[in-house]
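Protein chains in written order, with the numbering used here: chain A, 1 to 240; chain B, 1 to 258.
Please keep in mind that the hints were generated in silico from the structure rather than gathered at the bench.
Hints should not be assumed to be uniformly reliable.
Said to hold, decoys possible - Chain A is faced by these chain B residues, among others (derived, beta-carbon under 8 Å):
id : residue
1  : 195
2  : 217
3  : 241
To be verified - Distance windows between CB atoms, simulated:
id : chain 1 : residue 1 : chain 2 : residue 2 : range
4  : B       : 202       : A       : 222       : 41 to 47 Å
5  : B       : 125       : A       : 59        : 56 to 62 Å
6  : B       : 183       : A       : 58        : 46 to 52 Å
7  : A       : 222       : B       : 7         : 30 to 36 Å
Heads up, the beta-carbon is just placed ideally off N, CA and C, and yes, glycines get one too.
Given next are the chains, with one letter for each unit.
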Amino acid sequence: MSPADSARASRHFDHELQELRELLLRMATRSEEQVRDALTAVKRRDAQAAQHSIERDREIDALELDIEERAINLLARRQPMATDLRTLVSTLKISNDLERVGDHAVNIAQCARRLAEAVPLPNLSELDRMADVSTEMLRDAIAAFIDRDPDLARDVCRRDDQVDRYNDSVFRVMLAEMSRNPNTIVAAVQMMLVARNLERIADLATNLGEDVIYIVEARTVKHHAEELRSDQEGEGEFDQ
Amino acid sequence: MPTIRVKADGDAALETRDVHVHYDDAEAIKGITMEIPRNRVVALIGPSGCGKSTLLRCFNRMNDLVPAARVTGEVLFQGENLYADHVDPVEVRRRIGMVFQKPNPFPKSIYDNVAFGPRLYGRPKDLDDIVERSLRQAALWDEVKDRLGHNALGLSGGQQQRLCIARALAVTPEVLLMDEPASALDPIATAKIEELIQELVEHYTIVIVTHNMQQAARVSHFTAYLYLGDLVEYDVTDTIFTAPNEKHTEDYVTGRFG
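Here chain B stands alone, though its shape is the one from the complex (with noise of 0.2 Å):
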């Protein structure tokens, strides 16, 4: 029996219920039930193959997108199940963001990039203010507020990963889903981009996948420990750390294993 001892009290942003996932006929994910509390980071590690990608992007609908994927079990935002028939996986995606491992800035200016996602919802008149929000919750904007109509792709990695936080922040979402955010990144990069999550907790509920386990003990309130599509261990982040349940998580965080 796994061991989870993260509860939400009510107070979930996100919530698993026996999900699954198949691509064709092998299952990645096998039945996991998992809560999401709302203004906190939740780190999900494991060795590769584990399931931890896949189940990050069942929070988001972004394995429609995989045509061999297929999901069954229920993931419900604010008591809603998100694979419920009339739901838009669009409108999904717009209240629960993607950043992605690799920076996917659009080869625009700086500007253009943040204002993509609001002018696509319409066209809002305070779209300065938004474009100049968001970069500032991204730690952005002091370095980019003079050259805006500057190309993104002239920014640097760290800098990009950054734009694209903010291009996420701008539809205003309720979820940020990180998919290894920084493991493009150099160690200051890398830096920053903790120091944000940090920061933008405060207001978004936060996902983090990575393969750094440094990385999940320092920025993360909650840790869930993956291994070949089960949940094995789900708890505080301290207690992942110091005195794991389960010897196969202690394996795996004591370098043993994986």
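In isolation and in its complexed conformation, chain A is listed as follows (with noise of 0.2 Å):
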């Protein structure tokens, strides 16, 4: 057998890999339509489209624990190298961050129950759009985690600042509704929170992208690492 053929060949170890890839990918979806059941819930104030939405956070926590020890396993037993080393160590970390994605949106709906009894506001367009921005950032960071495509997970990362300017945006326009009309203040609090953990969401959608480059280009990103490296190079040289 060539190296070639030999390289081909597929190894059992690759049906566990893809086994464990399986699973992430039903997590994601999961966790995707969770934050996308509670958004629809705060949008309708519907308290029972947001209860649906909480249930649904048992089945991504138990499959990040059923990930976790697959994934622990496998380190033990196959003790992997290379991409295999990434690819574990990042399903660890991925499904960590799709878990509290699902908490995120726990309490997303959390606000949308409250939301439901509390004073309408005037239409927010600019958390639509945050909304929006995250789920797609979401989206696409789980796309490119199945297609493995380093590009896709850079352009997730991007957009972050992008939903931290609604963020703060949204907090504006809150304070500015709770200081004409007292009244709103528990649904604009309930606002400034669904938000807040939109906001989070994206954060955890960037780390997903971050962790797509690893994985594919064996280079860390976060942190903006690489000039944090030079950086202590430097400080280094300077000692000398």
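Both chains are given apart, each in its own frame, so use the hints to dock them into the complex.
What follows is the structure, given as structure tokens:
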């Protein structure tokens, strides 16, 4: 068998990794759906839809436990190297991030329940746009993971600033609304919380994008790691 | 007390009951009772001298060939004690095959190596088919099909070992015992043997002795840790390598000991 043949030969380990990948995909899809349900509940002031979104969280938690256990077993048993190692370590991080996405969806759904009973607010276009951008970031981060597409992953990371700006503007608008009409305080606080949770979801989508870049390119991009490293090297020279 | 959590649920390929092995006065196996579930890979691990190879040899009466060895207790194969008086050890070794550390092909052609067993047990008409099937099962066919008449000693070490596996499979055993089957091979040949083990387990039960803990972790469903002739822990491989129950097992798999 030539080296090329042996490279093509599929390993049993590949099947195990593929199963793990499928579980992670299911978890990603579920958390994305959960966020969407929660946002629909906010928009329609629908307490029942909110409850539905909250109940979905159990499935996501169970998936996280399953993925974590499998990944740890594979780390112990297969002694993975190179891309296999990066994939497994990132799988642990991604499943953790997705579980957090689920938690934020629960928070949003709880806000929706309270909003359903509160004084109606005027339509908040910033929040709508913010919801669009953050859910799109999450969807694209998942797509980047499926397709192992580092360019799409980078694009996701770049959109995070936009979400932060929307978050600030929702806060400003809501503060203005509260000072104008104190009756809206309860509802406005809930809207600010929805925005805050969306902002966190966008952060987690960014983490996911960073993990995809790490899996595919073996490069760490979070916390502007490369700049940090060159700074440290500079300091080292200075010490000498 | 040892931790033994592997139960075959009535579908054991092999079972030992209070097996002791003495070499003259020295007790090498000190009363081991365990089940080997059918169509699974069981790895025996432990430091040198722990008794893992001795235990493996009990499963097809290879200890009979060691003059000083004395085996007591029962080894059940399909419910029958292999050490009962009327049992023919040659028939035992046909149904429970063995592959050794060092590849040991006969100085004959590739074909004759694989055909050796079937010819010994009769003269089957479909010998060509048996040879091809065995070589395919051993993942060697594509590499040797054009030179079946060549001397087996001309093969690489890894190919020779797969040939020995093919030779063992040619007599249609039910169990394969492997004593350090990859320790004389390079990493690529080792990987091929490990992949092969995982293919073969669909049709056979495999018990493997290995010094290489990582290998046990990679290929086996269940792992038994032996120390000084005792079975210390026998559990699902995932558990042995992530959260063993016995401190002694933990120290061995983390390299603090042995």
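Here is what the structure says about each hint:
no.: 1; hint: 195; in the structure: holds (6 Å)
no.: 2; hint: 217; in the structure: holds (4 Å)
no.: 3; hint: 241; in the structure: holds (4 Å)
no.: 4; hint: B:202 <-> A:222: 41 to 47 Å; in the structure: holds (43 Å)
no.: 5; hint: B:125 <-> A:59: 56 to 62 Å; in the structure: holds (59 Å)
no.: 6; hint: B:183 <-> A:58: 46 to 52 Å; in the structure: holds (48 Å)
no.: 7; hint: A:222 <-> B:7: 30 to 36 Å; in the structure: violated (47 Å)
Hint check: a violation occurs at hint 7 only; the rest are consistent with the structure.
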